[in-house]
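Chemist: Grab the two chains, each in its own frame, and use the hints to assemble them into the complex.
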Amino acid sequence: MSAETLQVLADVGKGKSTRGVLRVIILALIAGASIASRLFSVIRFESIIHEFDPWFNFRATKYLVANGFYNFWDWFDDRTWHPLGRVTGGTLYPGLMVTSGAIWHALRALTIPVDIRNVCVLLAPAFSGLTAVAAYLLTNEMTTYNSAGLLAALFMGIAPGYISRSVAGSYDNEAIAIFLLVFTFYLWIKALKQGSMLWGALCALFYGYMVASWGGYAFITCLLPLHAFVLILMGRYSTRLYVSYTTWYALGTLASMQIPFVGFLPVKTSEHMPALGIFGFLQLLAFLDYVRSAIPSRQFQTFLWLFAGGIFVMSLAALVVATSAGVIAPWSGRFYSLWDTGYAKIHIPIIASVSEHQPTAWPAFFFDLNLLIFVFPVGVYLCFQELADEHVFIIVYAVFGSYFAGVMVRLMLTLTPVVCVAGAIAISTILNNYLVAKTPTEEDQQAAEAAEKKGSKSGLKSATKPVVGIYGLWSKSLMVAGMAVYLLIFVMHCTWVTSNAYSSPSVVLASRMPDGSQHIIDDYREAYQWLRQNTKEDAKIMSWWDYGYQIGGMADRPTLVDNNTWNNTHIATVGKAMSSREEVSYPIMRQHEVDYVLVVFGGLLGYSGDDINKFLWMVRIAEGIWPDEVSERAFFTPRGEYRVDGEATETMKNSLMYKMSYYNFNNLFPPGQAVDRMRQARLPEVGPSLSTLEEAFTSENWIIRIYKVKDLDNVGRDHISATAFEKGLKKKKTTKKRGPRVLRVD
Amino acid sequence: MKTSAVFSAVLSLLSLASAASSDKGSSKSTLPSTFKPPQVFKNANLVHVISVEKNYVKENINVVVENIDKKAQNEYYLPFTADQISRLGGVEVKDRKDTSAGPFVAENVEFDPESDTQYLRIRLPKPLAPGAQQTLGISYYILKAYSPLPAAIKQEEAQFLTYTFSAYVPSVYTTSKQKTEVKFPSGNIPDYTKIPGSGDIKEFPQKQGTKLTYGPFDEKPAGAYEPIRVRFEFNRPVTHVGRLERDIEVSHWGGNVAFEERYTLYHRGANLSSLFNRVKWQQSQYYQQGNTHALKELKFPLRVGSIDPYYTDVIGNVSTSRFRSNKREASLEIKPRYPVFGGWKYPFTIGWNSDAKNFLRKTATGGFVLNVPFLEGPKQNEGVEYEQVEVRVILPEGAENVKYVTSIPTQSISSTEVEIHKTFLDTIGRTALVIKTRNLVDDFRDRELVISYDYPLSASLRKPFIVFSSTIAFFVAVWLIGNIELKFASVPVVSKK
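Going down the list, the sequences are from chains A and B.
Using the UniProt record's numbering, read the first sequence as starting at 1 and increasing by one per residue.
Using the UniProt record's numbering, read the second sequence as starting at 1 and increasing by one per residue.
These are calculated hints, taken from the structure and not from any lab test.
Please read all numbers here as calculations on a predicted model, not as lab measurements.
Note that beta-carbon positions come from the ideal geometry of N, C-alpha and C, so glycine has one too.
There's no promise every hint is true.
[What the hints assert, rightly or not] Only some residues are given here: those of chain B computed to face chain A with a beta carbon under 8 Å: (1) 276; (2) 346; (3) 422.
[Claimed, not checked] Under the rule of at most 27 Å between Cα atoms (straight-line distance), these lysine-lysine pairs were calculated in the DSS-like manner: (4) 58(B) - 97(B); (5) 708(A) - 345(B); (6) 536(A) - 463(B); (7) 536(A) - 710(A); (8) 144(B) - 710(A); (9) 220(B) - 58(B); (10) 36(B) - 94(B); (11) 536(A) - 280(B); (12) 357(B) - 463(B); (13) 379(B) - 327(B); (14) 280(B) - 710(A); (15) 422(B) - 62(A); (16) 16(A) - 190(A); (17) 708(A) - 335(B); (18) 70(B) - 42(B); (19) 653(A) - 710(A); (20) 422(B) - 463(B); (21) 70(B) - 94(B); (22) 708(A) - 280(B); (23) 296(B) - 379(B); (24) 653(A) - 280(B); (25) 379(B) - 58(B); (26) 144(B) - 536(A); (27) 36(B) - 177(B); (28) 154(B) - 708(A); (29) 296(B) - 708(A); (30) 280(B) - 727(A); (31) 220(B) - 177(B); (32) 345(B) - 62(A); (33) 335(B) - 536(A); (34) 710(A) - 154(B); (35) 536(A) - 296(B); (36) 536(A) - 154(B); (37) 727(A) - 154(B).
Only chain B is shown next, with the shape it has when bound in the complex (with noise of 0.2 Å):
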């Protein structure tokens, strides 16, 4: 079967994984505040493609680097702000020519906290000889990063969003050749700075549909800036979850898995002018057939087999969802209480449970794989950008030797710890294992977790043994307490009358 061999591929990376996962802790390491990139390298052809489509901001950089030191070298640094540094997320590095290089170690370089610039690392998995050339397709994602402007409308107007960024790529290395491609979700763009031209373009950029570009440009230093603004019409709801906690809880006695994921959700975008009205609203929801900024509605396409959905939030049951559920899918659709408009606020909580069959294997030596995705938020057209995301997955009480593994890019994971978490009548309380993530977009949904452990039987006998022992106890107890005379010695009775 092909699952089975999968498991197995799987299994023998954990061993790897948990081995790296222990001794790093953190994706971070440091340096001295006195590190600047040596000059190593020189980019000879760079194309830059910002996707601004979503409400989150896809840059993907194609680069050839070329080794111009004498000696063979294996770190790439790229620099950022340390504004964009904190909202940076997803960072996945590959060689575009060798697709079976499997994605580079990317990491956050920290030498100096209060420095601007911050450096991102990327080790080539083999040093580059001197003078040869590597061509890496490097992809990363920037959360809130527009601002709505106006910043704030009234509620049947569309919204439009700026962003800025610079021409030239930032890069710590000479680039020689390099272009620069913004894609938008529609050809409505009022506003972009525009630039002087070189070569036989007089003037950047160039517009072709839904698509700016600025380049080619000839030879820039290292660190060369031109800031471009931009400003675009997105008439959608700018979805930002800060808080996305995700539990995923494994029993084997149910035979089931229960996942609940609490959402923290805000609307990033422009803010109402007047406040909320409601006859307006309903009637633009008649004549404009709900085409607007508010978010009306989530969708989540649930794992196919989903059972028991509900959908709450701090004050109860939220009864505006819909739940279809066959052999080909399980959605789950639900709506906020209210539409929510720019700057509003609404958090909420969601669950189902799954049969244990679907995620869960047993090996041949006797452990547990679990295979759940990572992250399973709602599928928007405008997508959904999530600044933390913890997702802790409970183990049965008694599980041990926990490893995992993790398609999500390792940049992103900012902790992992396994703890102990007790419920319904445990002694000992159950293995948890908790990832800290941070900066994740809704592409990364259906990534995988692999989880494997060990489950010894008689860690699965302890509470039914328990629980029967203490009962017994119990009634033993109450028998004897039962049993002891209270009165005073009891007059024979004869003599009562």
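Next up, chain A with everything else stripped away, as it sits in the complex (with noise of 0.2 Å):
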């Protein structure tokens, strides 16, 4: 190409229009590829929903569709939580439903045919295109470079901590709630920018629809009067600030009101204090602004203090009262695992269970962000240069989101947005400068020089800035090229990541086969179908709250506990029936109505995820409730292991899980070889016997087994001495002690 067309097409590159036309262009096709990305699971499996919570949503979803919004909105599952059902409709957050709803609902009004599955499957990918636009549009309220909004958007769109949580198929809350909160963002900065009561409400808008899809909106809820704080610890307040902040609070508290989950939490709980808190704050700003300027400025001071002293005196007060009054709710324990990583497991054991709830290792860092990760801080130190009002924004959020993604797994994703967008500030800035084709010329600099002098001459200081420019070729295309390939490994990261890690529906396995082709182990929905065809409509399934949604969703029988955990003693009752012997377990189940027992087992497959593994924590949890019944202690060998092989406690053995899942094993090998593979255990040469269950069905590769709960005995007797009598065993005489014999006497 002669140098001629590339100045033409340089050119082209300048005007205005196309600039523009380039940039839509060029942000469509970062949204094509964010969506393209997380397309992994669907193309090597299938468009199936992925894992444990979004089976739930889908769920909520197909009845949205079925039964219209209100009836919806006023939903009693009684089909969860056996007896107790769940009052559904007032304790989700109906967003990411009525969403697909309404966007399968207008394929519809097109007649285009497209099943509610695929909406919910490609929703994810579908809003992580969106998420990419969100986040171009807040960098570049950040910065003049319009190359950073586009940096941004890449990063965003591509980066493993969002994707994690965005693959198709992922259809949780998050996959629409980091959109809305990245746009809420920008409204806001918008909004602070220009005063502006349009933006304000519109911000308020997305807020209201950020509640109604994510427990995360509290994020916002703190963050947002955090940053108006620190502007006005740092003098910055303006009517800009009064006008923007009290908008959004009033409006956005006010729809955050009208979902029955949240309800009247915005002015009970402590989380949402601080907002109400400068919202007030503002006021009384607002008020001693006008008094200032309307009195003398002795008088004002004393006035000042004492009207602010009295003010914050009385406020607290009504704090303290009001909370030990019970008014306003005081910090909720999820609350405090955030401050104390300990905290969780010694008093909530079941948050603690959940994997995604642990701190964060330090690689999980690098393995989410890459390159990012070191990028990031160079990022907002950039913003510390520039210090307007939205620098402050970003440098609040990264300091929060750094503490928050530090403590928990999961909020790894709230982090992600302003990584990304300080990263691409620092990239951007670094390649604006090194990638300038224009070297400036000596002229140049021996203008800027006397200039200099000439300003240094006047005493003031110099109002232009000094001319740098980056001179070597050497150096340019260096640093650009270090640059490009580690854009390069950024983006063959993500892609490794996105594959290897994120992109397992955790309901299908797959496995090779000796001659390298894809086997599927398909035993969850094996076992699913079976029990949605072949029992009763209402037969009540009893397993460890993880399977509940899946159940729900898969095999659509009811559960006794799920995953929306929200009875802790429901959970232990579980628990301890499945940690107890046959003759505890038996009238836990009657009393429930069981009919079913499903559990999970990895023995055969080496499948790590079972519920031998879990057990542990189905003990805590029992044991937190009856800890006179069950105790973790005599699950463990008195060396301190957690065996089940022979050397197994006797609880351990006489459990119910333990005998669940072992039942029968030791019959699929030669006697006495029976191996546990997940545990490279050699199991005892009897196996155990089960007198209140039965083995219903097993699927394939003995992933899940499930047992049916035998009815009371026909002859009245306990189930126990009615298996012995059909296993051929003798009753044990109770020989009763005769007393000596005497004479009968008339």
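Modeler: So, in structure tokens, the structure goes:
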């Protein structure tokens, strides 16, 4: 290509509208890339809902589509948490379901026959495209370089930290919430910059949407007042801040209170108090601002002190009184666990038992953010250099996001947007400095020096910046090439992580046949389909809560507990039934009308996510409620080992979970050679026997085992003696001690 | 070419069929409740062949009928119980001597829905002269015919079924001479009813290999009944499809015919006496070479040239399927997610595509003729029965003048209608021909369904035009809205600072 054509191309790129078109095209391509990179699982497996929680959202969406919005709003679900039920309509964030329902109806109106499942599966990738655009908009508010926005959009589109929660099939609240988060922040910055009520109202609107979608809305509820507070402390109170904040708070709070699950929380709980406090504080500042303009400064000083002190004492007293009176709920346990990572482990085992609530390990940051994690501080530093109101926001967000991401793995998600924005600012600054084709000429420099001299002569600080430029072509190309390599590695890393770590549906497992072809292990669906087709419509299934949503979604059967975990005692009851002897468990199961018990067993295949590995959590949660009846110590050998082989403790061997997992397992092997491939343990020659349950179904690779709870014995025996009788064992005669023979005397 | 000759022959038939189908609607006709078939015939000689080799019953009645009335007669009646008639399907009647006479019209007579006796009426194409004889070959199928005995067995035990019928053929006419033969899948027939013999045979039945023969009997009056129950080994799945919905969608633009079949499949055999045991199942798979009464696999021999098959159920794709396609065959072999035992249910969906060239022809007059198999279900050794089959042929948007002809027995067709089906950016919707049938079996695989319709060029251009114009309209609307000034009157730049 000749230099002239390059020039022509460059000229074309300079026209304003051409640039606009180019930007739109680039953004569209970025959105396309972010959608495409999330489709690994659909291409490898199928269009399927992933994991656990998405199955509930999917089921709720189907309910919404089938029964309409108002029935959904009033939905009482008697097929979960049997026999309690769940007021589902009032205890969920409806934003996700309503969004996909609306999309589905829109497509129907265009007579495009799309299955609601496909809408749900592809919702997260579609919204990730929008998130990329929102990141572009937000970054453009921070810097004058448009390239920063485009880079941020690209990072947002493919950063694994966000992909982890938004691959196709990951139909969870976060799928749309991250878009709403970023877009709300963009609108907030826009409102703050312009002091505009319109943008403030828009911000409140999207905040309302966010509240309807995800419990993580509290992050916005705390971050915006914090930003305002920091600005006030910096002496940057302005009418712009007043207008934008009050508009957002008033409208946004009203909007959030429309969601039944949120209701009056915004005025009742401590998590929402900062927003209310700053709202009040801003009113005071506005009032003081007015007073200051009206009265002389001496009097104003005294007035100010008295007034401020009085207000502070009064509001603090009001807060203490309200909290102790119970009007305002104190900080919840989940909240404490954000400050003290050990808190949950001691007080709320159910939170600690979820792997995504664990504190983040250091490598996770690099794994999820790669290059961005070390350009992120640079971007924050560059924000300090400019330090306009919006840069303060990025700094505040960066500090808080980093802290929370360090406390809980899943909050990496809220950190990712700010990392992308800051990283994009840093990289675009570097590229803008090094990629400028024009080197400053000697004359430029001399002129600048001359100007400086002149400036120093006049004794004033130079208003014009010195001409800074990179002269050497070498340093330019080296730096640019280095950045390009880093960016390429970043793209490759993102693709690799997405493909290997985040694209497994976990309902379907993939393995390789000896000839290298893919073999699908589909035990979950095999068993769920069996339940769905061949059991009573209202057969109650007892399983550990992890599988509750899947059973509800795929097997369509009532469950005792599920991933909603709203009732700890109920979960502990199931834990107790699983970890106790049959004689204890059977009455519990009868009382809860359990028909089938489902366990996950990975011993044959070496599948690590099975119930024996989760068993200690069941024991711990049960122990939390019944410390006298269940004891974690009894499941460990005297040497403190957790064993399942011949040396397992008696409590372990007699627990229902152990029996259900290994029942009949030894018959699959030659005598005495049964091996649990997951735990590499040789099992005792005689397998456990069950008397109150009978095996109903075992999937092909034994991952799912389903047991039927026996009905009461026909002749009124207890099950243990009935089983013993059937096996032909002699009943132990309870020999009554007879007294000495006495002659009968009439 | 041969096909074109077939098509032209079919076309001439089509006009007849459409005329007939329009006024008939259903194949039933109403008679007064006091109706009794007139005693105008006599069965001179009758051979009744009952085949229980498959999981449905196929009965053949070969009968020499004689007109004993003084007038020529053309209506022959066959009695069934109300329960039987609801499970009766696929009735075909032919003249055994004259194969060119074609299938005779056979239909259910509806006269008193409460009555336990219902009739099947056979219309002879030419009235039979007094004293004349005609040899009829009547064949029909009875679904849900068996009950397992014992009703619950163990997983590894063999399955036995029972079937009850009459030694004398149920008839409204006097039968001079008759014989009943029962054919079994194997020689293992532990129980069957024995009745005293006649002539030089002491006791019926006579057993020859896998066949039992009752008779020959001498003259029996109308309505003679002698219950016979047989119990025989049938260690194969009793596959029953409660409902099959078969969609055939024709696309002219795509040059494609898409098939989708939704099955509701049951196993009507013996239930499990103790619940499913995986260890035993895996062992039996290994030791007994898979000889079991559970349904493990279904084989669909599709038409050559079928592509993109899929196999799903209500919770997603099922990965246990194989598709072999080459120049000679296109075989889809699917396995249910779990082995289906007696009393279990397994609904699933399969589908595939095929090039329209294989099924669609343009006629000289500008219309189109579509020739597709009416039924293409699985081909199993033990057979498959279908209680309800709904075939829906979705023609392109704007297709008109739809006529059809099919070689499926008319007695099994319960209704036909042309309706509108809206998908994929349709404006007026596509023409869909819906044919509902009942009580079919897999013997009717590959029976033809021929549909002719007109599809004018204007109809084929409708969609591109509408999509184009609405997109343009959308852009124009966006441009117009973008031009609206939403701001307050902008302050001149000079006064700002």
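Chemist: The structure should be examined with respect to each hint, and the outcome stated for every one.
Modeler: Hint check results:
1. For residue 276(B), the shortest C-beta to C-beta distance to chain A is roughly 5 Å, which falls under 8 Å, so the interface hint holds.
2. Given the 8 Å rule on beta carbons, the hint for residue 346(B) holds: about 6 Å separates it from the nearest Cβ of chain A.
3. For residue 422(B), the shortest C-beta to C-beta distance to chain A is roughly 5 Å, which falls under 8 Å, so the interface hint holds.
4. Taken as a hint, the residue 58(B) and residue 97(B) pair is honoured in the structure, with Cα atoms around 21 Å apart against an allowance of 27 Å.
5. Straight-line distance between C-alpha atoms of residue 708(A) and residue 345(B) comes to about 18 Å, which keeps the hinted pair within the 27 Å bound.
6. Proposed proximity of residue 536(A) and residue 463(B) is contradicted: the alpha carbons are some 47 Å apart, above 27 Å.
7. Between residue 536(A) and residue 710(A), the direct Cα distance comes to roughly 15 Å. Compliance with the 27 Å bound is thereby established for this hinted pair.
8. The straight-line distance between the Cα atoms of residue 144(B) and residue 710(A) is roughly 32 Å, outside the 27 Å bound, and the hint therefore fails.
9. Between residue 220(B) and residue 58(B) the CA atoms are separated by roughly 23 Å; this keeps the pair inside 27 Å, and the hint holds.
10. Between residue 36(B) and residue 94(B) the CA atoms are separated by roughly 24 Å; this keeps the pair inside 27 Å, and the hint holds.
11. A distance of roughly 25 Å separates the Cα atoms of residue 536(A) and residue 280(B); the hinted pair therefore holds under the 27 Å criterion.
12. Only pairs whose Cα atoms come within 27 Å are accepted, and residue 357(B) paired with residue 463(B) is accepted, the gap being roughly 22 Å.
13. Between the alpha carbons of residue 379(B) and residue 327(B) the distance comes to roughly 20 Å, so the proposed pair stays at or under 27 Å and holds.
14. Straight-line distance between C-alpha atoms of residue 280(B) and residue 710(A) comes to about 21 Å, which keeps the hinted pair within the 27 Å bound.
15. Using a Cα cut-off of 27 Å, the hinted pair residue 422(B) and residue 62(A) holds, with the two alpha carbons roughly 22 Å apart.
16. Simply put, residue 16(A) and residue 190(A) have alpha-carbon atoms about 23 Å apart, close enough for the 27 Å limit, and the pair holds.
17. Between residue 708(A) and residue 335(B) the alpha-carbon distance is near 25 Å, which keeps this suggested pair within the 27 Å criterion.
18. The straight-line distance between the Cα atoms of residue 70(B) and residue 42(B) is roughly 13 Å, inside the 27 Å bound, and the hint therefore holds.
19. About 21 Å separates the Cα atoms of residue 653(A) and residue 710(A), which keeps this hinted pair within 27 Å; it holds.
20. The suggested pairing of residue 422(B) with residue 463(B) holds, with an alpha-carbon distance near 13 Å, which does not exceed 27 Å.
21. Restraint check: the Cα-Cα separation between residue 70(B) and residue 94(B) comes to about 24 Å, which is no more than 27 Å; the hinted pair holds.
22. Taking the CA atoms of residue 708(A) and residue 280(B), the gap is near 18 Å; set against the 27 Å cutoff, the hint holds.
23. Between residue 296(B) and residue 379(B) the alpha-carbon distance is near 13 Å, which keeps this suggested pair within the 27 Å criterion.
24. A distance of roughly 24 Å separates the Cα atoms of residue 653(A) and residue 280(B); the hinted pair therefore holds under the 27 Å criterion.
25. Using a Cα cut-off of 27 Å, the hinted pair residue 379(B) and residue 58(B) holds, with the two alpha carbons roughly 17 Å apart.
26. In summary, the hint linking residue 144(B) to residue 536(A) is supported, as the alpha carbons are separated by about 23 Å, within the 27 Å threshold.
27. For the proposed pair residue 36(B) and residue 177(B), the alpha carbon gap of about 23 Å is at most 27 Å, so the pair holds.
28. About 17 Å separates the Cα atoms of residue 154(B) and residue 708(A), which keeps this hinted pair within 27 Å; it holds.
29. Proximity of residue 296(B) to residue 708(A) is assessed by CA-CA distance (about 24 Å); at most 27 Å being required, the pair is judged to hold.
30. Between residue 280(B) and residue 727(A), the direct Cα distance comes to roughly 19 Å. Compliance with the 27 Å bound is thereby established for this hinted pair.
31. Pair hint residue 220(B) plus residue 177(B) holds up; C-alpha atoms about 8 Å apart against a cutoff of 27 Å.
32. Simply put, residue 345(B) and residue 62(A) have alpha-carbon atoms about 23 Å apart, close enough for the 27 Å limit, and the pair holds.
33. Between the alpha carbons of residue 335(B) and residue 536(A) the distance comes to roughly 24 Å, so the proposed pair stays at or under 27 Å and holds.
34. The straight-line distance between the Cα atoms of residue 710(A) and residue 154(B) is roughly 18 Å, inside the 27 Å bound, and the hint therefore holds.
35. For the proposed pair residue 536(A) and residue 296(B), the alpha carbon gap of about 23 Å is at most 27 Å, so the pair holds.
36. Taking the CA atoms of residue 536(A) and residue 154(B), the gap is about 21 Å. The hint holds against a cut of 27 Å.
37. Restraint check: the Cα-Cα separation between residue 727(A) and residue 154(B) comes to about 18 Å, which is no more than 27 Å; the hinted pair holds.
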